[in-house]
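Residues per chain, in single letters:
There are 2 protein chains.
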Amino acid sequence: MAQITYKDAGVNISANTRWVTAIASAMKSTYGPRVVADRHGGFAGLFRLDYDEQLFRRNYAKPVLVACTDGVGTKVLIALEMKKLDTIGIDLVAMNVNDLITVGAEPLLFLDYLAVSKLDPQRLRDVVEGIAAGCRESGCALLGGETAEMPDMYQPGELDLAGFSVGVVEHGKAIDGSRVNRDDVIIGLPSSGVHSNGYSLVRKVIAESGVKLTDYCDGLGETLGEAVLRPTRIYVRQVQHVLNAYKRIQVVTGMAHVTGGGLKENIARILPANCDAILKKKSWFIPPIFDFLANHGIRTAEMYKVFNMGVGFVLIVRPRFANSVMRRLEEIGESPVQMGVVKRGAQKVVIR
Amino acid sequence: MAQITYKDAGVNISANTRWVTAIASAMKSTYGPRVVADRHGGFAGLFRLDYDEQLFRRNYAKPVLVACTDGVGTKVLIALEMKKLDTIGIDLVAMNVNDLITVGAEPLLFLDYLAVSKLDPQRLRDVVEGIAAGCRESGCALLGGETAEMPDMYQPGELDLAGFSVGVVEHGKAIDGSRVNRDDVIIGLPSSGVHSNGYSLVRKVIAESGVKLTDYCDGLGETLGEAVLRPTRIYVRQVQHVLNAYKRIQVVTGMAHVTGGGLKENIARILPANCDAILKKKSWFIPPIFDFLANHGIRTAEMYKVFNMGVGFVLIVRPRFANSVMRRLEEIGESPVQMGVVKRGAQKVVIR
Chain A
2 MAQITYKDAG VNISANTRWV TAIASAMKST YGPRVVADRH GGFAGLFRLD YDEQLFRRNY
62 AKPVLVACTD GVGTKVLIAL EMKKLDTIGI DLVAMNVNDL ITVGAEPLLF LDYLAVSKLD
122 PQRLRDVVEG IAAGCRESGC ALLGGETAEM PDMYQPGELD LAGFSVGVVE HGKAIDGSRV
182 NRDDVIIGLP SSGVHSNGYS LVRKVIAESG VKLTDYCDGL GETLGEAVLR PTRIYVRQVQ
242 HVLNAYKRIQ VVTGMAHVTG GGLKENIARI LPANCDAILK KKSWFIPPIF DFLANHGIRT
302 AEMYKVFNMG VGFVLIVRPR FANSVMRRLE EIGESPVQMG VVKRGAQKVV IR
Chain B
2 MAQITYKDAG VNISANTRWV TAIASAMKST YGPRVVADRH GGFAGLFRLD YDEQLFRRNY
62 AKPVLVACTD GVGTKVLIAL EMKKLDTIGI DLVAMNVNDL ITVGAEPLLF LDYLAVSKLD
122 PQRLRDVVEG IAAGCRESGC ALLGGETAEM PDMYQPGELD LAGFSVGVVE HGKAIDGSRV
182 NRDDVIIGLP SSGVHSNGYS LVRKVIAESG VKLTDYCDGL GETLGEAVLR PTRIYVRQVQ
242 HVLNAYKRIQ VVTGMAHVTG GGLKENIARI LPANCDAILK KKSWFIPPIF DFLANHGIRT
302 AEMYKVFNMG VGFVLIVRPR FANSVMRRLE EIGESPVQMG VVKRGAQKVV IR
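For the record, the sequence lines run as chains A and B.
When we follow my numbering, the leftmost residue of the first sequence carries the number 2, and every step to the right adds one.
When we follow my numbering, the leftmost residue of the second sequence carries the number 2, and every step to the right adds one.
By construction, these hints were calculated from the structure, which means they are not laboratory data.
Some hints here could point you the wrong way.
Copies of the same chain are indistinguishable here, so a pair counts whether it falls within one copy or spans any two.
Calculated pairs, DSS-like style, for lysine-lysine (alpha carbon to alpha carbon, straight line, at most 25 Å) [claimed, not checked]:
{"#": "1", "residue 1": "Lys8", "residue 2": "Lys213"}
{"#": "2", "residue 1": "Lys63", "residue 2": "Lys174"}
{"#": "3", "residue 1": "Lys306", "residue 2": "Lys344"}
{"#": "4", "residue 1": "Lys85", "residue 2": "Lys349"}
{"#": "5", "residue 1": "Lys281", "residue 2": "Lys344"}
{"#": "6", "residue 1": "Lys8", "residue 2": "Lys265"}
{"#": "7", "residue 1": "Lys8", "residue 2": "Lys349"}
{"#": "8", "residue 1": "Lys119", "residue 2": "Lys306"}
{"#": "9", "residue 1": "Lys119", "residue 2": "Lys8"}
{"#": "10", "residue 1": "Lys63", "residue 2": "Lys29"}
{"#": "11", "residue 1": "Lys349", "residue 2": "Lys281"}
{"#": "12", "residue 1": "Lys349", "residue 2": "Lys306"}
{"#": "13", "residue 1": "Lys306", "residue 2": "Lys8"}
{"#": "14", "residue 1": "Lys174", "residue 2": "Lys282"}
{"#": "15", "residue 1": "Lys265", "residue 2": "Lys283"}
{"#": "16", "residue 1": "Lys281", "residue 2": "Lys265"}
{"#": "17", "residue 1": "Lys8", "residue 2": "Lys248"}
{"#": "18", "residue 1": "Lys265", "residue 2": "Lys306"}
Start from the sequences and build out the full structure, keeping to the hints where you can.
Here it is as structure tokens:
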């Protein structure tokens, strides 16, 4: 009888071991003093919560862990088609840490799950380098990951990726939107474009438009592929800069990461039952990629339900401090906009 | 021009919202007092590290977070073929928490990532109920998750799942194998079968054998499908029972979760450079599914490289305490075996 090996079944354990070694340097580039040296065989990653007892304890007397998970959806199919995989990892980190910081958490650690048909170290290294870059920008440690080689589940060349992130916030200081009140000011931070939501729709529209990803588009000032692959912005530095500026008073009452569901659904999630958010449509810049999508068949109302439309992250702040928060953001190179206010209402987001 | 909506592209945001509501009760079934009530819009899950300041602080003066991620590989394809999706979630939790506990960590929280072609609430609910069951058994909170609907990446009916888990261990008490020494005793905990590694090989062998998943096999005492789909055992309770029994002395010097790479590679990961592990082949029970696989074309040496061969988790303990640890495990219904000893050597695992 013929003998069957794991390699015959499409899985190569020693290649996997080499791959794990190869990504070690990308992981190490994200390590701070709180990562516990890996003496252990790598079953799990270790992260000290009190890396400097006195300092850290003063910051977090009652630490609350914050955790979330997200993927990048079918944006990865665009990256694969363009054979440009070095930024999709930034998207992956961004989708997770931007969620974490909405509660005021400090991102601590990140893990990735990559699912492929077959290990292709060169391409995967690009992905992991992007993840490590995103982790460095977010100040979190890439503590571990899993690369699953599943030839029967994924087509050759296919790739899916999921990320997981953990942060910490002081108990009682978590920002949950419950203190959002009338007259609070809504500040928007610009997105870089579509970010990582709505790509099934984006890809359908592109397919029907006849425009190729490699086509240069005058309206975009770049190729269509470059416009839709641009990495998701990471807002960690901006949000931490604002939160650190006001330690004694809670100036920020709510924050939202604008993902699937768009401005309306994501801002509504943090509104109290008796408040509306009134947004002034002309107050922020809408990147040209959204004009492209609108001109190729997506109705405006649908666009606002699916995409961020130019605003990737929203802070709701006390009116007295709105100008001061704007200045804080501008001083680190951010371009915030006062895009609206909170009014008495019924948990709706109105865009006029 | 025809208008294109997100729904046309195969994604239904309101179905997704309903789905999130539907799984809330499964998630709540895993919540202990440390989960912070979800006032926030659900961007991230919150978990208090000091749910009872005095008690918890006494346990963890210098908490170290432990994190890991894993999937279930192509075992999910067996579950899909058998249309039995209520245990694959247990596998997912097991693969993660069994990794966590190797360092002596207490599992705290879990998150899942599900990738599908199309939301099928009935089937996915089965998956999530399994995840929740695994979380309850492991004592960790299912704090969040992401269900990604990607019609262009997955075939109708396809499903991939990844898990992520965080635990905590006292700094300086993390078990990393560095204290493993000559004469330490190796105790094995039985697996339930193949667990969740090597399924690309398992499936290839089954395909070539001509035996159907629905066929009853005398040697197995059940259908082939039942044998290969049996959920991965979770060893949290057992390991915690042992660790809690010896608070003052470190009786357990190393632990390994036997996953891809089998007994040899996984035990070698926690051996010091100057020690070998000598395992007595006849000392543990090899479940009949492994005979089936061997009889259908996998060489014995290959089997030991890929599968757990009947031992899912290994504890290495000080020789003076070996019998006492055995008794501790037996008193909670476990069936441990003394399967070998540590000898002077060169970080090899020898099975004789």
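Do the hints match the structure? See the list:
1. Lys8 to Lys213: between (38 Å within a copy, 23 Å between copies)
2. Lys63 to Lys174: both (10 Å within a copy, 22 Å between copies)
3. Lys306 to Lys344: within (21 Å within a copy, 65 Å between copies)
4. Lys85 to Lys349: This pair counts as neither: shortest intra-copy Cα distance 40 Å, inter-copy 41 Å.
5. Lys281 to Lys344: Within one copy, since 13 Å is at most 25 Å while 74 Å is not.
6. Lys8 to Lys265: between (50 Å within a copy, 18 Å between copies)
7. Lys8 to Lys349: Only across copies: Lys8 and Lys349 sit 23 Å apart there, 56 Å inside one copy, limit 25 Å.
8. Lys119 to Lys306: Answer is between: at 19 Å across copies they meet the 25 Å cutoff, but 36 Å inside does not.
9. Lys119 to Lys8: Only inside one copy: Lys119 and Lys8 sit 11 Å apart there, 32 Å across copies, limit 25 Å.
10. Lys63 to Lys29: Cα proximity of Lys63 and Lys29: across copies only (23 Å, versus 29 Å in one copy).
11. Lys349 to Lys281: Only inside one copy: Lys349 and Lys281 sit 14 Å apart there, 68 Å across copies, limit 25 Å.
12. Lys349 to Lys306: Within one copy only: 13 Å inside a chain, 58 Å across chains, cut-off 25 Å.
13. Lys306 to Lys8: between (46 Å within a copy, 11 Å between copies)
14. Lys174 to Lys282: neither (32 Å within a copy, 56 Å between copies)
15. Lys265 to Lys283: within (16 Å within a copy, 65 Å between copies)
16. Lys281 to Lys265: within (13 Å within a copy, 64 Å between copies)
17. Lys8 to Lys248: neither (57 Å within a copy, 44 Å between copies)
18. Lys265 to Lys306: Within. Shortest intra-copy distance 7 Å satisfies the 25 Å Cα cut-off; inter-copy 53 Å does not.
Of the hints listed earlier, those the structure fails to meet are numbers 4, 14, 17, in rising order.
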